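Undergrad: Chain residues, written in single-letter form:
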Amino acid sequence: MAQGSIIKKELLLIGGSAGSLEAILQLLPAIQNEKGLAIVLVLHRRNSESLLPNLLSEKIAWPVKEAEEKETILAGTVYIAPADYHLLIENDKTISLDYSEKVHYSRPSIDVTFESAAEVYGESLIAILLSGANQDGSVGLKKIKEAGGYVIVQDPTEAVVSYMPQYAIDHVRVDAVLPVAKMPALIHELLP
Amino acid sequence: MKDEEVNILLNDLLEVYGYDFNDYSKASLKRRMQRLFALDKFPSFAEFRYRVRNDEIYLKRFVEEITVNVTEMFRDPAFYKLLRKEVLPLLATYPFIRIWHAGCSTGEEVYSMAILLQEANLLHKSLLYATDLNPDVLEKAKAGIFPLSTMKQYSENYILSGGTHDFSSYYTTRYDYAKFNRDLAQRMVFATHNLVSDGSFNQFQLILCRNVMIYFEKPLQDRVLTLFDQSLEPLGFLALGAKETLRFSDIASHYKQLGKEKIWRKGAS
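For the record, the sequence lines run as chains S and X.
With the working numbering, letter number 130 in the first sequence gets 130, and the count goes up by one each step, no holes.
With the working numbering, letter number 186 in the second sequence gets 186, and the count goes up by one each step, no holes.
Since the hints were made in silico from the structure, they are not lab data.
Bear in mind the structure is a predicted one, so any value in this text is a computation, not a measurement.
Ideal Cβ positions, reconstructed from N, Cα and C, are used throughout, including at glycine.
Hints should not be assumed to be uniformly reliable.
Claimed, not checked - Dumping the calculated EDC-like pairs for lysine to aspartate or glutamate here, alpha-carbon to alpha-carbon at most 16 Å: (1) Lys-218(X) <-> Glu-47(X); (2) Lys-243(X) <-> Glu-66(S); (3) Lys-81(X) <-> Asp-23(X); (4) Lys-218(X) <-> Asp-92(S); (5) Lys-26(X) <-> Glu-71(S).
As the list claims (entries may be wrong) - Selected chain X positions facing chain S (in silico; Cβ < 10 Å): (6) Ser-25; (7) Ala-27; (8) Ser-28; (9) Arg-32; (10) Gln-34; (11) Arg-35; (12) Met-213; (13) Tyr-215; (14) Glu-217; (15) Lys-218; (16) Gly-241; (17) Lys-243; (18) Thr-245; (19) Phe-248; (20) Ile-251.
One chain only, chain S, in its complex shape:
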């Protein structure tokens, strides 16, 4: 039995870089979200791409939007970190945007969001790290583990670019390593 089943999970974080878009388009529509998990996506992407919210809206029934500063994170809503800003989460579960230095050559950085969410959400957090070509995400996953959250990493043999998930597996005691197709069932099991 999954350890999280007695604790109410509130937030699902998904971090991805190169090769993660396909995984997200496969994963999100397959999640049964009647429990109203809030979802925050942090993806490395090019400046001009603001098509992602539209692309996802067509595939899933729950609201999808680009995260705005000072916005309160609501259950059952998908938030996408805007290009070129870090996304942080305040103690009152509102979103802050931050234009500070890139982390791992990335803004938004997965680590920045994951670390900040770990402090606020603790055990009620699930995080998924997907395909990518850099080290972003591992430090954040470690913080999430320390805070009692549940950590899932995409199976590197399946990932389009294996470096990022493999780096996390090598440095963090992750809870599960899975192909994307098996993640929705696990998430469902984690929700009480």
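Chain S is already provided as a structure; the job is to place chain X on it using the hints.
TA: Below, chain X alone, put in the same frame as chain S:
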């Protein structure tokens, strides 16, 4: 670092130095304090705190590091294109143009504006007030010296903003740095100004404050917007960062947004 420790340092800053960061967004402040704590290898929070309270030279570093000083020339080129096409032609009708860059950091946006004004043949009758709470970043802004490694990106931004000159004609290269021409800085005035505690000091036709208010909590955002409203002439322009908005603020009803860029024009009365 714990939330209580962040609050202790914030209280120290106010008590010892009069810097009030209590209305800044905490997540970013905390992250930056933790980063500095690790970067400067303090063995304990107590030693970090002692240094901040007792070492004025270190305090400068501390304030500069916990506030975000990342900026770019011609960031969001579409924004600068709109300034060129819509705003500058209107400013050109004034005998004298006053512009305020609030929270200008190391000055990249001020030099971008000076280039726009020079190309529109307006720089000679303009004054650009550039303010920040950090005196050290203002010194950098005054010098107009930026890393050469950033020039490729800035040049691309400049072209996308509608610039038609050779961008490299605006600076001379020395080692790894680009030093911007002195004639661009001739009409700039640099001064410390803290948006938290200082008031209005002049009337302007254009105020730019981009990616500064995202670090403020809502009540401080409202205070600062009111300060800008008081400092802006009727029919003046207010420019914010790409993710900032006037919407939901007290002053919103007197302002009209220009297209979808973050530029608002104040009403006539």
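Undergrad: Now look at each hint and say whether the structure bears it out.
TA: Going down the list of hints, with the structure as the test:
Distance restraint check for Lys-218(X) and Glu-47(X): the Cα-Cα separation of roughly 33 Å exceeds the 16 Å cut-off, and the hinted pair is therefore not satisfied. A C-alpha spacing of about 10 Å is found between Lys-243(X) and Glu-66(S), which places the hinted pair at or below 16 Å, so the restraint holds. Between Lys-81(X) and Asp-23(X) the CA atoms are separated by roughly 33 Å; this puts the pair beyond 16 Å, and the hint is violated. Taking the CA atoms of Lys-218(X) and Asp-92(S), the gap is near 13 Å; set against the 16 Å cutoff, the hint holds.
For a cut-off of 16 Å, the pair hint linking Lys-26(X) to Glu-71(S) stands: about 15 Å separates their Cα positions. Below 10 Å, beta-carbon pairs count as interface contacts, and Ser-25(X) has one with chain S at about 5 Å; its hint therefore holds. The interface hint given for Ala-27(X) holds, since its Cβ lies 4 Å from the closest Cβ of chain S, which is under the 10 Å cut-off. With its C-beta approaching chain S no nearer than about 5 Å, Ser-28(X) sits inside the 10 Å limit, and its interface hint holds.
Interface hint status for Arg-32(X): upheld, as the beta-carbon distance to the closest one in chain S is roughly 7 Å, under 10 Å. With a least beta-carbon distance of about 9 Å to chain S, the hint placing Gln-34(X) at the interface is held under the 10 Å criterion. For the restraint placing Arg-35(X) at the interface with chain S, the shortest Cβ-Cβ distance is roughly 9 Å, inside the 10 Å limit, so the hint holds. Taking 10 Å as the C-beta cut-off, the interface hint given for Met-213(X) holds, the closest approach to chain S being about 9 Å.
For the restraint placing Tyr-215(X) at the interface with chain S, the shortest Cβ-Cβ distance is roughly 7 Å, inside the 10 Å limit, so the hint holds. For Glu-217(X), the suggested interface contact is upheld, since its CB lies about 8 Å from the closest CB of chain S, less than 10 Å. Given hint, Lys-218(X) at the interface with chain S, holds; its Cβ is 6 Å from that chain's nearest Cβ, closer than 10 Å. Annotation: Gly-241(X) was flagged as interfacial toward chain S, and the flag holds, the nearest CB pair being 7 Å apart, inside 10 Å.
Hint on Lys-243(X) holds. Least Cβ distance to chain S is approximately 5 Å, under the 10 Å limit. Annotation: interface hint on Thr-245(X) holds; nearest CB of chain S at approximately 8 Å, less than 10 Å. A cut of 10 Å between beta carbons decides the hint on Phe-248(X): the least distance to chain S is about 9 Å, and the hint holds. Because the smallest distance between the Cβ of Ile-251(X) and any Cβ of chain S comes to about 17 Å, over 10 Å, the interface hint for this residue is violated.
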